[in-house]
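Chain by chain, the residues run as shown.
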Amino acid sequence: MNSNMMMTAAAGALLASGLSTAAAAEDLTLCWAAWDPANALIELSRDFEAQSGHTMSFEFVPWTSFADRMLNELNSGGQLCDLMIGDSQWIGGGAENGHYVKLNDFFDANGISMDDFIPATVTGYAEWPKNTPNYYALPAFGDVVGWTYRKDWFERPELQAEFMETYGRDLDVPASLAELKDIAEFFQGRDIDGTTVYGAAIYTERGSEGITMGVTNALYNYGFLYENPDQPYDLDGFVNSAGAVEGLEFYKALYDAATPPGSSNWYMGENIDAYRSGQVAMQMNFAFIWPGVEADPNVGGGNSGYFANPPGPAGQFAQLGGQGISVVAYSEKQDAALEYIQWFAQPAVQAKWWELGGYSALSAVVEDPGFATSQPYAQTFLDSMAIVKDFWAEPAYADLLLPMQERVHNYVVAGTGTAQEALDGLVRDWTEVFEDEGKI
Amino acid sequence: MTHSPIDRAALRTPPGMARRIRGLSDRTIAWIFVAPTIFLLLAVNIFPLIWTIRLSFTNFRVNRPNNAVEWVGLENYRRILSDPDVWNTMQATAHFLIWTIVLQVLIGFTLAYLINKKFRGNDLWTTIIVFPMMLSPAVVGNFWTFLYQPQIGLFNYVVSFFTGIDPASFSMIGDVHLAPWAIVIADTWMWTPFVMLICLAGLRSIPDSIYEAAECDRASKWRQFWTITLPMALPFLMLAVLFRGIENFKMFDLVVQLTGGGPGNLTTLTSIDLKREAFEKWRTGYSSAYAVILFVSVFGLASIYVKALNKVKER
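Chain order of the listed sequences is A and B. For what it's worth, the numbering used here labels the leading residue of the first sequence as 1, then goes sequentially. For what it's worth, the numbering used here labels the leading residue of the second sequence as 1, then goes sequentially.
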């Protein structure tokens, strides 16, 4: 800790000498989602204010309206935000529509190398087109869907004995999605300490991106692919493959059999609430919630465990979350905004970011020998970040997201049609989008 | 001899005013007063309407400023009118519209009829009844989300109390059969007081002398209701239907908060669908055509309805 503090102080002093004279003091506005990590960023940014002389303002919008509000801002060429921590799927639109400043020259001039960051976060948050060295963001917050479970319930001898008798194995972290469903069904409707509890809280939200961010964790692991690996935008047989259909059927079966009644429109907040209030044995959620779970008086302090999304028949993958930080092209304070990114990229700042509850994407932080044991969820975070896949990041990502929300919700929650029909319909919708985009 | 509105305004201008402003005729002064309003109307209403109609014939997308804007003729209109999803949202909107109006008129008129009777605590009850319409629709949506919660929701417990059904066995906003009714119930709870107030105004405008005359003719209460109360309150009732119809056609916030348009697409009303096309998919040309279709539909229906309303008032 002392060495970290010394490093921070030294880096701060060094940076202060450079930054304070670099430009006139500006009031920078950083736009992001309103969630726990945003509060940590306010805390972290105080160091930047002290060192640079610039002041920081923040515009945080709840997740359910984050995309609406911020994409509106970008599309209208608004100057509200100087810095944008935009969702990973916005990178294509941000780059192609000229909303984000290209950062290659800035990175080169300031010795910032993308090789220093977790590769999946560089691909997911910073590059456009994907897998090309064109950078429009600095990976800011690594995030991924994983699972939280009630370790204290799993360890109860009477439940372990009953589970062993029913399923012939220990009640433990599931080794596959099928095992996860068994465990969820085991807890569904069970009476624990006089309260009826349920199996798992999963993403089912209809209005924004919720159910898509949830169902992909099943689809990927059963064989769903976004496109033909050898021919871009060739969807038929990949989006709606037999494995993908099985994955979608699995998610519906999990929803029908092992989720709390009334959880038909749940996303991050509702899942957290259900878990913290002791309604569910497991919850699917992004990793950003884990520090809050650990600090919770009811479910924290060793009562909860964490595991990466379990494998399915076609492998083990997890839905990527997280964001990169970009300089908004319409900002008149781009120099000061770039100073912030330069400051934020420093290893000492990234180390403090992790300490405050932000998931650093800097390899030096996560590969530190002490990282995996620094928090109970740190190893799960590392395991999960190694298996990530992301949704389309095309400029037309919203056109691709909305039909998926509709098709999947229609099948999983409303119970309309079959999984095959839902995915065949999705292929038609996405094909139409790519035809409109001129990509097919 | 007929005068234009400007001429009429000029004629009403006090003679002294024109004399005080040398060189300006009364007509010019009238124009100066009217011009800001006309300009505002043109800028805020007419120009956006014309611009929307123009955009509806293009493939313009506001999030692609660098793309060429092409004239696509009636293609957007053809795609909308042949899209089964659009017709599904129309059906969902019609279901919501019809049932909310029917329930709100029935309950609102009944409440107004009861409140109109003189009784102790009349004012207090009126205040309590109008309380829901003072809330924000987003708050009401959130509030009803909790009421509909199968584990903790009061609504499910009330249903359970009267029917014996397990409260956790049904989900008002997650079930395909119940969700369309969940939004109808929430909207009815919120806006019935509005209908009640309009009906109350109608009932209180009926002179007591008419009822006294009916009493002298020994007309029964039932007869008085059908031949005096209802016909004389009908214009007010129709006005309430017009207001609620227009309001509910553009219903958005309450439903988004309550169901997000789900399950599936079952409670996706046209306003929600239009918003997704315009501000999530950013298909500006397409959504402009969608808006024009909705505008023409509402404008046409409202015009027919207003004509009928005027005829009722003339009777």
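Quick caveat, the hints were computed from the structure, so don't treat them as lab data. Using N, Cα and C, we set each Cβ at its ideal position, and we do this for glycine too. Check each hint, because a few of them may be wrong.
As the list claims (entries may be wrong) - Far from chain B, by Cβ distances over 10 Å, these chain A residues were calculated:
#1 S57
#2 E179
#3 R206
#4 D230
#5 P261
#6 E332
#7 Q375
#8 D383
#9 I387
#10 D399
#11 K439
Said to hold, decoys possible - Below are the SDA-like pairs computed for lysine to any residue, each with C-alpha atoms no more than 25 Å apart in a straight line:
#12 B:K275 x A:T431
#13 A:K130 x B:L103
#14 A:K439 x B:Y77
#15 B:K275 x A:R428
#16 A:K252 x B:V176
#17 B:K275 x A:Q79
#18 B:K275 x A:T64
#19 A:K439 x B:W51
#20 B:K275 x A:D429
#21 B:K250 x B:N67
#22 B:K307 x B:L103
#23 A:K439 x B:L74
#24 A:K252 x B:D253
#25 B:K275 x A:P403
#26 B:K250 x A:D383
Said to hold, decoys possible - One side of the interface only, derived from the structure: several residues of chain A facing chain B at Cβ under 8 Å:
#27 T55
#28 D68
#29 N72
#30 N75
#31 N131
#32 P133
#33 E185
#34 E205
#35 P260
#36 S264
#37 A414
#38 G415
#39 I440
Each hint tested on the structure:
| no. | hint | verdict |
| --- | --- | --- |
| 1 | S57 | holds, 25 Å |
| 2 | E179 | holds, 26 Å |
| 3 | R206 | violated, 3 Å |
| 4 | D230 | holds, 29 Å |
| 5 | P261 | violated, 4 Å |
| 6 | E332 | holds, 19 Å |
| 7 | Q375 | holds, 32 Å |
| 8 | D383 | holds, 32 Å |
| 9 | I387 | holds, 29 Å |
| 10 | D399 | violated, 5 Å |
| 11 | K439 | holds, 13 Å |
| 12 | B:K275 x A:T431 | holds, 22 Å |
| 13 | A:K130 x B:L103 | violated, 54 Å |
| 14 | A:K439 x B:Y77 | holds, 24 Å |
| 15 | B:K275 x A:R428 | holds, 22 Å |
| 16 | A:K252 x B:V176 | holds, 15 Å |
| 17 | B:K275 x A:Q79 | holds, 23 Å |
| 18 | B:K275 x A:T64 | holds, 15 Å |
| 19 | A:K439 x B:W51 | violated, 29 Å |
| 20 | B:K275 x A:D429 | holds, 18 Å |
| 21 | B:K250 x B:N67 | violated, 31 Å |
| 22 | B:K307 x B:L103 | holds, 24 Å |
| 23 | A:K439 x B:L74 | holds, 24 Å |
| 24 | A:K252 x B:D253 | violated, 28 Å |
| 25 | B:K275 x A:P403 | holds, 14 Å |
| 26 | B:K250 x A:D383 | violated, 47 Å |
| 27 | T55 | violated, 31 Å |
| 28 | D68 | holds, 6 Å |
| 29 | N72 | holds, 7 Å |
| 30 | N75 | holds, 4 Å |
| 31 | N131 | violated, 23 Å |
| 32 | P133 | violated, 23 Å |
| 33 | E185 | violated, 16 Å |
| 34 | E205 | holds, 6 Å |
| 35 | P260 | holds, 7 Å |
| 36 | S264 | holds, 3 Å |
| 37 | A414 | holds, 3 Å |
| 38 | G415 | holds, 7 Å |
| 39 | I440 | violated, 16 Å |
Going through the hint list in order, the structure does not satisfy hints 3, 5, 10, 13, 19, 21, 24, 26, 27, 31, 32, 33 and 39.
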